[in-house]
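There are 4 protein chains.
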Amino acid sequence: MNISLEQAEKAIVAAKAKSIELGVKMNISIVDGGANLVAFARMDGAWLGSLDISLKKAKTARFFDMNTGIIGTLSQPGGSLYNIEHSNGGLITFPGGVPIKNAAGEIIGAIGVSGDSVENDHTVAEAGALAI
Amino acid sequence: MNISLEQAEKAIVAAKAKSIELGVKMNISIVDGGANLVAFARMDGAWLGSLDISLKKAKTARFFDMNTGIIGTLSQPGGSLYNIEHSNGGLITFPGGVPIKNAAGEIIGAIGVSGDSVENDHTVAEAGALAI
Amino acid sequence: MNISLEQAEKAIVAAKAKSIELGVKMNISIVDGGANLVAFARMDGAWLGSLDISLKKAKTARFFDMNTGIIGTLSQPGGSLYNIEHSNGGLITFPGGVPIKNAAGEIIGAIGVSGDSVENDHTVAEAGALAI
Amino acid sequence: MNISLEQAEKAIVAAKAKSIELGVKMNISIVDGGANLVAFARMDGAWLGSLDISLKKAKTARFFDMNTGIIGTLSQPGGSLYNIEHSNGGLITFPGGVPIKNAAGEIIGAIGVSGDSVENDHTVAEAGALAI
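Chains Z, U, R and E supply the protein sequences, listed in that same order.
For the first sequence, the residue numbers in the numbering used here are 23 to 154.
For the second sequence, the residue numbers in the numbering used here are 23 to 154.
For the third sequence, the residue numbers in the numbering used here are 23 to 154.
For the fourth sequence, the residue numbers in the numbering used here are 23 to 154.
No incorrect hints appear here.
Any copy will do: because identical chains look the same in the list, a pair fits if it lies in one copy or spans two.
Straight-line C-alpha distance at most 30 angstroms; calculated DSS-like pairs for lysine-lysine:
hint	residue 1	residue 2
1	Lys123	Lys47
2	Lys47	Lys32
3	Lys32	Lys123
4	Lys123	Lys38
No lab work stands behind these hints, which were simulated from the structure alone.
Could you put the whole structure together from the sequences, leaning on the hints where they help?
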């Protein structure tokens, strides 16, 4: 099962709505089950450097089928996954990447959001993921 | 002058409509004046390898402010720009990349389309560019 | 709004003057609003490895519209942006990158300086940014 | 012997003057004897994609101590250096890269120019190289 473009665009609409509600400007990436980009939107005035971060968050969430922030707790100095960020052409392991599931609970892709605090990034990503 | 997300999404809607009309499945990338991604959509079932090609076409069109196919006529063996494709992390110089202009005729970004014949790629890109 | 070459060269002149005053040898990069290089100077005898660092500092400052050192305080082990340096082809998050604003306060580019202590790097970058 | 920043800036001034005389907008890169960037200028409105090309031309000219166009005649299909462009992270082998010599005739660096026809690129590069 793979996310469709229609579903990905629905997630982006929800993420943009949540961003406007929070008064933040986000980069929003949606990847499919193969961790390949399906849809992307950069809101006007959003940080340019968050483009790549939103994509890497989405990929990281799908690479390991978990929220990116969880990986970040394990990749610290002394942690079991120390510096895992060096793999896969660069991971981002702080919050803002969330797997996307279908009604049956199967993972069909992931969303990555970047542009504000990691708390807001995560809140917007979750709003996008829950729209499906 | 830079393309807005609203304009970029309008271009994607038009490009998707033209793709459906032609019965083809496309990857569609929109970049801004700085050649950075603003919006992207991969239609269901579109070639995975065309994802990167659509992005490189959009960047190439903005890098040189002309349709990508024009560069491809100059980069052939014996041509004045032979192997220019090795620059900028990889250019794509066959048709499917088109600059996007505002009402005043200023270039504000570019669209890159990939997923079918280069003729269809170009037709869809032009439909997207003309929507703005 | 984008920095002009004339403005960028003015920033480099000011940065070089400050470097001579401090008795240091610097690499100085100026990028525009799209984070693309506009002007660069490497002072005679400056560290060769600082060439890329000055460019990455300038890009990082524009990517997130803030001084690079601020990001570095957040990207430490345990910090909210831990290992953000893995994004965007490599960030530099210690001091020496500063956004450049026009008279209206709009960000039009950034300067990145590398070649001595991070304190001196930052001092020189600020001298360049304030010249505009 | 290595080009100094003062000499590199003199070459850029001459290259800009020639560009204005020709009515063209150029990206101009100067590298030293180690093929590392010393100075760079992108004229307002110059093609963004020519940034990397000007740098690769300068590096290519110094890598082989000859005008880039000469290499391009040998890198064609069937030629003795076919597809040499794949080396060194990407070469550019059409005209516009020229070695820079000191008064004693020793090569101390190179200039790479990109932004218009390869003939104009070469003319501007030569004007820059002869300024030293």
